[in-house]
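A.B. asks: Given next are the chains, with one letter for each unit.
There are 2 protein chains.
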Amino acid sequence: MIVTPWEVRGEIDYDRLIQEFGTEKITDQLMARIKKHAEELHYMLRRRIFFSHRDLDWLFDEYDAGRKFYLYTGRGPSGHTHLGHLVPWIFTKWLQDKFDAKLYFQMTDDEKFVFMPELSLEEANSFAYENALDVIALGFDPAKTFIFSDLDYAKTLYREAVKVAKKLTFSTVKAVFGFEADNNVGEIFFTSVQSVPAFIESVKQGRNVPCLIPHAIDQDAHFRVARDVLPKLGYYKPAAIHCRFMPGLGEGGKMSASDPSSSIFTVDKPDTAAAKIMNAFTGGRGNVEDQRLYGGNPDVCNVFSYFYFLMEPDDKALQQRYDDCRRGRLLCGECKACLAERTAEFLRRHQEKREKAREELARFILKD
Amino acid sequence: MIVTPWEVRGEIDYDRLIQEFGTEKITDQLMARIKKHAEELHYMLRRRIFFSHRDLDWLFDEYDAGRKFYLYTGRGPSGHTHLGHLVPWIFTKWLQDKFDAKLYFQMTDDEKFVFMPELSLEEANSFAYENALDVIALGFDPAKTFIFSDLDYAKTLYREAVKVAKKLTFSTVKAVFGFEADNNVGEIFFTSVQSVPAFIESVKQGRNVPCLIPHAIDQDAHFRVARDVLPKLGYYKPAAIHCRFMPGLGEGGKMSASDPSSSIFTVDKPDTAAAKIMNAFTGGRGNVEDQRLYGGNPDVCNVFSYFYFLMEPDDKALQQRYDDCRRGRLLCGECKACLAERTAEFLRRHQEKREKAREELARFILKD
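Protein chains in written order, with the working numbering: chain A, 1 to 368; chain B, 1001 to 1368.
One should not assume that every hint holds.
[What the hints assert, rightly or not] Below, in silico cross-link-like pairs of lysine-lysine (DSS-like), each with a Cα-Cα straight-line distance of 25 angstroms or less:
{"no.": "1", "chain 1": "B", "residue 1": "K1232", "chain 2": "B", "residue 2": "K1155"}
{"no.": "2", "chain 1": "B", "residue 1": "K1174", "chain 2": "B", "residue 2": "K1102"}
{"no.": "3", "chain 1": "B", "residue 1": "K1155", "chain 2": "A", "residue 2": "K167"}
{"no.": "4", "chain 1": "B", "residue 1": "K1167", "chain 2": "A", "residue 2": "K174"}
{"no.": "5", "chain 1": "B", "residue 1": "K1237", "chain 2": "A", "residue 2": "K167"}
{"no.": "6", "chain 1": "A", "residue 1": "K367", "chain 2": "B", "residue 2": "K1155"}
{"no.": "7", "chain 1": "B", "residue 1": "K1204", "chain 2": "A", "residue 2": "K367"}
{"no.": "8", "chain 1": "A", "residue 1": "K102", "chain 2": "A", "residue 2": "K367"}
{"no.": "9", "chain 1": "A", "residue 1": "K204", "chain 2": "A", "residue 2": "K98"}
{"no.": "10", "chain 1": "B", "residue 1": "K1098", "chain 2": "A", "residue 2": "K155"}
{"no.": "11", "chain 1": "B", "residue 1": "K1353", "chain 2": "B", "residue 2": "K1155"}
{"no.": "12", "chain 1": "A", "residue 1": "K232", "chain 2": "A", "residue 2": "K155"}
{"no.": "13", "chain 1": "B", "residue 1": "K1102", "chain 2": "B", "residue 2": "K1269"}
{"no.": "14", "chain 1": "A", "residue 1": "K254", "chain 2": "A", "residue 2": "K204"}
{"no.": "15", "chain 1": "B", "residue 1": "K1035", "chain 2": "A", "residue 2": "K155"}
{"no.": "16", "chain 1": "A", "residue 1": "K155", "chain 2": "B", "residue 2": "K1353"}
{"no.": "17", "chain 1": "B", "residue 1": "K1367", "chain 2": "A", "residue 2": "K204"}
{"no.": "18", "chain 1": "A", "residue 1": "K36", "chain 2": "A", "residue 2": "K98"}
{"no.": "19", "chain 1": "A", "residue 1": "K155", "chain 2": "A", "residue 2": "K144"}
{"no.": "20", "chain 1": "B", "residue 1": "K1155", "chain 2": "A", "residue 2": "K204"}
{"no.": "21", "chain 1": "B", "residue 1": "K1155", "chain 2": "A", "residue 2": "K144"}
{"no.": "22", "chain 1": "A", "residue 1": "K174", "chain 2": "A", "residue 2": "K144"}
{"no.": "23", "chain 1": "B", "residue 1": "K1269", "chain 2": "B", "residue 2": "K1367"}
{"no.": "24", "chain 1": "B", "residue 1": "K1167", "chain 2": "B", "residue 2": "K1269"}
{"no.": "25", "chain 1": "A", "residue 1": "K237", "chain 2": "A", "residue 2": "K254"}
{"no.": "26", "chain 1": "A", "residue 1": "K174", "chain 2": "B", "residue 2": "K1353"}
{"no.": "27", "chain 1": "A", "residue 1": "K155", "chain 2": "B", "residue 2": "K1269"}
{"no.": "28", "chain 1": "B", "residue 1": "K1025", "chain 2": "A", "residue 2": "K155"}
{"no.": "29", "chain 1": "B", "residue 1": "K1353", "chain 2": "A", "residue 2": "K367"}
Note that these hints are calculated values from the structure, not bench results.
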């Protein structure tokens, strides 16, 4: 199992990640606390898609005392958005609605450029704005949502990033990220830039404002660094809430950048997406007879995962699908056809909103 | 002898620096080439204050073929400007006049902040603009001179700096600058930013423009890196011309930040400056009788150095002073009184122009 900000590989043991990273499980007590404020629990909480956190108790203590938090999340724009990317963003939108929270959304085009040998700066920067359309299409509040490309907001970010950088030795980034002598100096510096949105609202307001970062657990290394350095600059440690990775469509749930059929991109034609799903790896048996007799295994099925993570927010309907699969009542073909139809429909609606987002883009973008 | 961008210590052997850094001596042939274009030789060339270079022959080949160069120099704004800082700037102004060259003048407030534990970002940034007044007071052409703080021009600079950073490993900066695991990641990244003005005119014009960097030899390490990386980005290697360090007023020519009496600052009151000079270490004898009898030693005299570097552009008068000292005709008291008067007069005129520069500042400053 390898889980770093740049590589996720192998069978993921989430309990082990909690131990290794030193985060905390989201307890029932904490769930109750969230529910008290939000008046409901998002299905991603109920299903433990968001499963781990740092300092959420502190964050709600602050909230209870009348000190609201803001949100920070982001995206490394190395290509088009796929459905897996939407998981934490959809949850972030829910948090924004329920807690009336500002959101800083960072597009780390600088990071993707320095870490990916073949990616040009222009490509990374252009994907930042393509990906922003997907963020906006999810319905974030333009009055409270600030999306920025690191490159195009560099004047503001660099001034704060050098403050983080001054407190951060090569030893530390070597230990946290596993950097070696052949890493480039852009890679070595970068985490300083990723730290900035974790205190930028405090800089703007001139007083400490709590920050909550919803993100996939692979990015934790960056925020361990931020939590170490920010108090040295007089800021709060950011709180965080971590989600699992949505599997891809390939065998073993692999999502591979070199194989576009393993992911569904938000810009895929609905028909193309449907075809990918019809070719997906499932937890089904070798033939219809066996499937009827012994049932399928939704626990290892990528198609079921898509329902679980995104396409079936209704818990009862999801349970029904699970049981029907287990009992051999639901064949993979039918199940895939259903997911294909829902996904195609989702994409049609999303792409419509995504096109409208082009006109709204300027309202969301922070630039120097 | 230690000569790095951050520390100059010990007896400086300039021939050894040429060997160790791999630069070239300015030959008589090259001098003749400069003179052909400039129609004169600046006293800093005649006296070999500028003594070393990289690729000047190539630069003049380009110039002869009708391809003009631009100039780039800079300053680390950790405090007020002293007279030693003016040496390369005065020469740069001469180059601008003689070769009708644009100048990018970089104030590395980011560098000073990350390298100096006690310096705040606000101080460094504020000194950038204080130091800019001294640059402007020297008479640079506002239509062709672009002064910028790294912090306030970061949007433009960072976008280019990451391109340099991507080509630069920790191994390389470790070897060139002697960085270790306890250096901070801002220090490690910084040379990427110092490289940018060496190709920024090429970025702006969309075609390669030769660049000449006049600078004190201690900064050579940065431009070795730039010369290594820039061709990988499709740009020319910058040419450079290197000057010696003007000694301070202390024993052995020491200039010490912790001892303000060892330097004359451009903001010193003329009387204060005069008093510092009257207390300077000289090459004189213990008493007047010995001085009359055996003569003084101008070769180790800081007062003579001030005449040599800055306060006596007339070669004949300088030679006369040298001979008079050697032969015991000129006593240290008289010599210091003369330098004190000239320096006070220089400061009065400079400070007048420096105050006027406040109104002109905006015409010179590049900001995002």
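A.B. asks: Would you mind marking each hint as holding or not holding in the structure?
C.D. replies: Hint check:
| no. | hint | in the structure |
| --- | --- | --- |
| 1 | B:K1232 - B:K1155 | holds (22 angstroms) |
| 2 | B:K1174 - B:K1102 | violated (33 angstroms) |
| 3 | B:K1155 - A:K167 | holds (22 angstroms) |
| 4 | B:K1167 - A:K174 | holds (19 angstroms) |
| 5 | B:K1237 - A:K167 | violated (33 angstroms) |
| 6 | A:K367 - B:K1155 | holds (10 angstroms) |
| 7 | B:K1204 - A:K367 | holds (20 angstroms) |
| 8 | A:K102 - A:K367 | holds (17 angstroms) |
| 9 | A:K204 - A:K98 | holds (23 angstroms) |
| 10 | B:K1098 - A:K155 | violated (35 angstroms) |
| 11 | B:K1353 - B:K1155 | violated (31 angstroms) |
| 12 | A:K232 - A:K155 | holds (22 angstroms) |
| 13 | B:K1102 - B:K1269 | violated (33 angstroms) |
| 14 | A:K254 - A:K204 | violated (41 angstroms) |
| 15 | B:K1035 - A:K155 | violated (42 angstroms) |
| 16 | A:K155 - B:K1353 | violated (31 angstroms) |
| 17 | B:K1367 - A:K204 | holds (20 angstroms) |
| 18 | A:K36 - A:K98 | holds (11 angstroms) |
| 19 | A:K155 - A:K144 | holds (21 angstroms) |
| 20 | B:K1155 - A:K204 | holds (18 angstroms) |
| 21 | B:K1155 - A:K144 | holds (24 angstroms) |
| 22 | A:K174 - A:K144 | violated (36 angstroms) |
| 23 | B:K1269 - B:K1367 | violated (32 angstroms) |
| 24 | B:K1167 - B:K1269 | violated (47 angstroms) |
| 25 | A:K237 - A:K254 | violated (34 angstroms) |
| 26 | A:K174 - B:K1353 | violated (50 angstroms) |
| 27 | A:K155 - B:K1269 | violated (37 angstroms) |
| 28 | B:K1025 - A:K155 | violated (40 angstroms) |
| 29 | B:K1353 - A:K367 | violated (37 angstroms) |
Hints 2, 5, 10, 11, 13, 14, 15, 16, 22, 23, 24, 25, 26, 27, 28 and 29, counting from the list given before, are not met by this structure.
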